[in-house]
Every structure is written in C-alpha cells, then in structure tokens.
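Construct all of the structure, not just a fragment, from the sequences and the given hints.
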Amino acid sequence: MSSDHYFSSSPRSDPGTRAIRVRLAGREVELLTAAGVFSPEHLDQGTRVLLDTVPEPPSSGHLLDLGTGWGPIALSLAMQSPDATVWAVDVNERALDLVRRNSARLGITNVNAVLPDDVPAEVRFAAIWSNPPIRVGKQALHAMLAHWLPRLDDDGVAWLVVAKHLGAESLQRWLRDELRLEVERAANSKGFRVLAARRTAGS
1 MSSDHYFSSS PRSDPGTRAI RVRLAGREVE LLTAAGVFSP EHLDQGTRVL
51 LDTVPEPPSS GHLLDLGTGW GPIALSLAMQ SPDATVWAVD VNERALDLVR
101 RNSARLGITN VNAVLPDDVP AEVRFAAIWS NPPIRVGKQA LHAMLAHWLP
151 RLDDDGVAWL VVAKHLGAES LQRWLRDELR LEVERAANSK GFRVLAARRT
201 AGS
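My numbering applies: residue 1 is where the sequence shown begins, and numbers increase by one.
Honestly, the hints are just simulated from the structure, not real lab data. Check the hints yourself; a few may be wrong.
[Said to hold, decoys possible] Capping the alpha-carbon separation at 25 Å, the derived lysine-lysine pairs in DSS-like fashion look like this:
id: 1; residue 1: Lys138; residue 2: Lys164
id: 2; residue 1: Lys164; residue 2: Lys190
id: 3; residue 1: Lys138; residue 2: Lys190
Right, here's the structure in full:
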C-alpha cells in the first residue's frame, strides 16, 4: 500500500496545503485541503450527491461522519446541527488535522476529529453520514461498516453514498443480509446511489 493513499494513517507526501471554495449547508466557504487525503482538488461528486439529497440531520445527539477526509460532511453536519456532537472519524492523521483547521476557520466548535479508537465505546449515533472508502477493499470496508452501523440509535439512519459501478448493489444486499439492516435506495444521481440503512428489531 502506497503511503500516499488517502486511507494511509500517515501520508509521507508533501501536503501541498491549498485553499478551495465550496458550498456547504447553504454557505460559500473557503477550506483547506492537502495531498494524501481523499479528493484534495475539489468536493468530490459522491459527497456532493450525498449532501444534496439527504434530509437535514437530527438537531441534537451524536452524529458520525465516517471517513471524513478534509471534512465536508462533518462540517455540513455541524453547521446544520450546532447543538449536536459531530464525530469526524478517519484513519488518516493529515485528514483529521485538516478537519480541525477547517472547523477553526469556520468558528465551529462541535466537531471532534478523531481516530476510530478515540470514539468512546458507549457513544451511539442519531445519524451516520458517509462516503465510505470503497477502495480499501471489500473485507476492510465490511469490517468498518460492521463496527459502526450497529451503533445507530434505534431510530437512527445511516446514509451512505456509493458509486453504482463500485458495488452499490452488492453493498445494499450485504447490509441487509449480514447486518440485518432495513435498506432503501434513497436517491440515484450522476452515477451514484444513496442508501438509507436503519436498524430493525433485534439488529
């Protein structure tokens, strides 16, 4: 595995930190990105589809952005739900540093940018929003989702955006058959599918 993959823990490449302008939660903002994280040049199309199609998050409780990158999902959650606690989780230390810096730029104080093991085990999530790292491979992806999605509150929803050509259909089946979640196709746009996964009785 190259040290420059966005799912590496400590990318060794020159970060080449830059500022880009994006629209999040109805605001035009300037945020920092860098090499060695996911989609450093711009807001990727999958995340854009997710942010444009998912309903507003719960106003309180714990919200999770799984695989946060430089933070567009976590920052959107925090701006829309200032009374919630947002967990921006990634294995990439450079990405987490960018989320912290971008939160400071926007005056956001309700985002915790942390490694997976730093989320307290007792925390349950009112919602999970994620553009999951499909390219880590099916085994690693399934292990990650099997760890986090069962931590939804009883009435919580996980919103996942997946490219159709990267296995959206098979992931939907796996979530239903292996995690025993109720899964629906919430949106289809620009080659991406947004899945809404909910806990069922006994899951």
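Taking the hints in turn, this is what the structure says about them:
1. Lys138 with Lys164: Since the Cα atoms of Lys138 and Lys164 sit roughly 15 Å apart, the hinted pair holds (cutoff 25 Å).
2. Lys164 with Lys190: holds (9 Å)
3. Lys138 with Lys190: Holds, at about 23 Å.
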